[in-house]
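Visitor: These protein sequence lines are chains A and B, in that order. Under numbering that gives the first Met the number 0, think of the first position of the first sequence as 0, with each following residue one higher. Under numbering that gives the first Met the number 0, think of the first position of the second sequence as 0, with each following residue one higher.
Keep in mind that the hints were calculated from the coordinates and are not lab data. Careful, some of the hints might be misleading.
[Stated by the list, open to error] Computed cross-link-like contacts, DSSO-like style, restricted to lysine-lysine with a CA-CA straight-line distance of at most 27 Å:
1. A:K247 <-> A:K350
2. B:K194 <-> B:K90
3. B:K7 <-> A:K20
4. A:K97 <-> B:K7
5. B:K7 <-> A:K10
So you can see what is in the structure, the chains are spelled out below.
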Amino acid sequence: MKAVCWMGKSKVETLTVADPKLLNPHDAIIKITKTAICGSDLHLYDGFIPTMESGDILGHEFMGVVEEVGKEVTNLRRGDRVVIPFTIACGNCLFCKKKIWAACDNSNPNAHLMEAAYGYSGSGLFGYSHMMGGYAGGQAQYARVPFANVGPLKIESDLPDEKVLFLSDIFPTGYMAAENAQIQSGDTVAVWGCGPVGQFAIASAFMLGAARVIAIDRLPERLEMARSLGAITVDYSEEDVSVLTALKDLTGGIGPDACIDAVGLEAHSAQLQGTYDKVKVALMMETDRPSVLRQAIQAVRKGGTLSVPGVYGGLLDKVPFGAAFGKGITMKMGQTNMHNYMKPLLERIEKGQIDPSYIISHRITLEQAPEMYKVWRDKKENVTKIVIDPWANAAA
Amino acid sequence: MSSALKEKPYAEEVPNNSPASVILNGRYLPPPEDKEGRLWVRTSALIQASADDLYAMWRNVEAAPGWQEQITHVTVTGERTSHWVMQAGEKTIEWDSEILADEPGRRIAWRSIGGDSDNAGEVIFEEAPGGRGIVVTVLQAFHMGKLASAWETFTGRNPKQAVIENLRHFKALAETGEIPRTQGQPHEDRGFIGKIKASTYGEKVPTPSGSN
Ligand SMILES: [Zn+2]
Ligand SMILES: [Zn+2]
Chain A
0 MKAVCWMGKS
10 KVETLTVADP
20 KLLNPHDAII
30 KITKTAICGS
40 DLHLYDGFIP
50 TMESGDILGH
60 EFMGVVEEVG
70 KEVTNLRRGD
80 RVVIPFTIAC
90 GNCLFCKKKI
100 WAACDNSNPN
110 AHLMEAAYGY
120 SGSGLFGYSH
130 MMGGYAGGQA
140 QYARVPFANV
150 GPLKIESDLP
160 DEKVLFLSDI
170 FPTGYMAAEN
180 AQIQSGDTVA
190 VWGCGPVGQF
200 AIASAFMLGA
210 ARVIAIDRLP
220 ERLEMARSLG
230 AITVDYSEED
240 VSVLTALKDL
250 TGGIGPDACI
260 DAVGLEAHSA
270 QLQGTYDKVK
280 VALMMETDRP
290 SVLRQAIQAV
300 RKGGTLSVPG
310 VYGGLLDKVP
320 FGAAFGKGIT
330 MKMGQTNMHN
340 YMKPLLERIE
350 KGQIDPSYII
360 SHRITLEQAP
370 EMYKVWRDKK
380 ENVTKIVIDP
390 WANAAA
Chain B
0 MSSALKEKPY
10 AEEVPNNSPA
20 SVILNGRYLP
30 PPEDKEGRLW
40 VRTSALIQAS
50 ADDLYAMWRN
60 VEAAPGWQEQ
70 ITHVTVTGER
80 TSHWVMQAGE
90 KTIEWDSEIL
100 ADEPGRRIAW
110 RSIGGDSDNA
120 GEVIFEEAPG
130 GRGIVVTVLQ
140 AFHMGKLASA
150 WETFTGRNPK
160 QAVIENLRHF
170 KALAETGEIP
180 RTQGQPHEDR
190 GFIGKIKAST
200 YGEKVPTPSG
210 SN
């Protein structure tokens, strides 16, 4: 089959590799009909995530049709249309039973690698480094899905792929970010980052009762999209704009009730702080660039909530913890517990409450993927979301 | 014994039992330290299953190749004895093992009795507080003669890590009926460095089959 492979930092190639096979009794093989490139894939592209290996198949946002099932898979059969959650969960450990699916004990074959780096292991993920399980990803024509009894969401209606594909990660991730923001009706919510996760966080914040959402970014196409959802936008790249001042001005001086950092470890910052972090990252004294996190802690109102869906990979420097303590804020974060949100969000799509395909800017073939990684990383061509049809002809 | 605290509506009795236990007379007991050529490893896992089922799974030594790394064959040779064969690549080591204590649903202790491995161990099955499952604790010792170091060089895993990984496999098998694996999935050729890394990550150690 054809697959998008990580071949080193800033090096991605579409290559022909072996087809996946069933390896365990609860596996399924999925013929992929649509897959996407995620903002978090850019962290891999940029070499921010350790234990990627040359030859790994990328991709964790995919859907398709069941091709084959293992002998213990009882709920799926060949021909079923399914969306696959990017986190892999067994369904039977203490954490799965508590519905903290992203903390599953039994889905990471390389748990010892993650324990060595972090002191714990979370669930396995598709296409996201060996530490996170080393599972082959979904930017390919086929994928093997472990614990297929637990994860895949069956699509029984005839909704097109593009409306349901983002149930694989970014819509649930944006929704959980808004849920973690503990929004009360009438709240003002600030969202840093208007990429795909930020977009769904904005939409979900409104769905959960926010009176006002303030969206912060620097890319005009993303800010335009945020305004189309009803958010007020702040462009931090404009010379006379200070985000902290803007958030005070927009909240009568108290700050937003909740702040959502939908940017994560590669935050761009126009200020000196950004340079400071760049130097420290280069010197390996710090692994992440937390400029948004710092700002969000400073901005949130006293007693407010900070929600962090953005991916952080390791150590942070100069986080204003004194302000966090002094204001008595609540911080909620973590990898998305996908399995809690897929069905309820599918229902919202079915009822026509939201059409997640509005964020798609590019539709490409597998052969075009390597070039698009570069285009997106360099923030060219107004990319908001790239969807791949793995069976489309390169010439088309 | 009298207690200053009268109100403990959900408190449970503190266990006080065998050598692998982590609590002794109400105190936390740290694991034994490595010394005089003896390597100790203590590891535990919280498992959603009954103590009786977990005991039975552990006691069924002939099924051990299904969840213990690089064990290829176990033959029961007597009521309390068995013969173990371990293989890595072309090389094989063998030893006999004897069960010293056997308490259904609670505890098994064993030691090797001759052959290429000098090890002894105990596994205990205890109720976690609050009905959260069964805590399985393994305490194992390896005598670090030429045999144990041969084990490490030829298995590619330090024997301590192997005990930890085997308990992880045991838990996955008990909770889900399978052991998570990625060996055998597609990828592009890893190149020279990638192959070395796969070895150091322990990804070259074959994942046990998960079946009996
Ligand atoms: Zn994603
Ligand atoms: Zn689980």
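Visitor: Give a verdict on every hint.
Guide: Here is how each hint holds up against the structure:
no. : hint              : verdict
1   : A:K247 <-> A:K350 : 37 Å, violated
2   : B:K194 <-> B:K90  : 21 Å, holds
3   : B:K7 <-> A:K20    : 54 Å, violated
4   : A:K97 <-> B:K7    : 25 Å, holds
5   : B:K7 <-> A:K10    : 60 Å, violated
The structure does not agree with the numbered hints 1, 3 and 5 stated previously, though it agrees with the rest.
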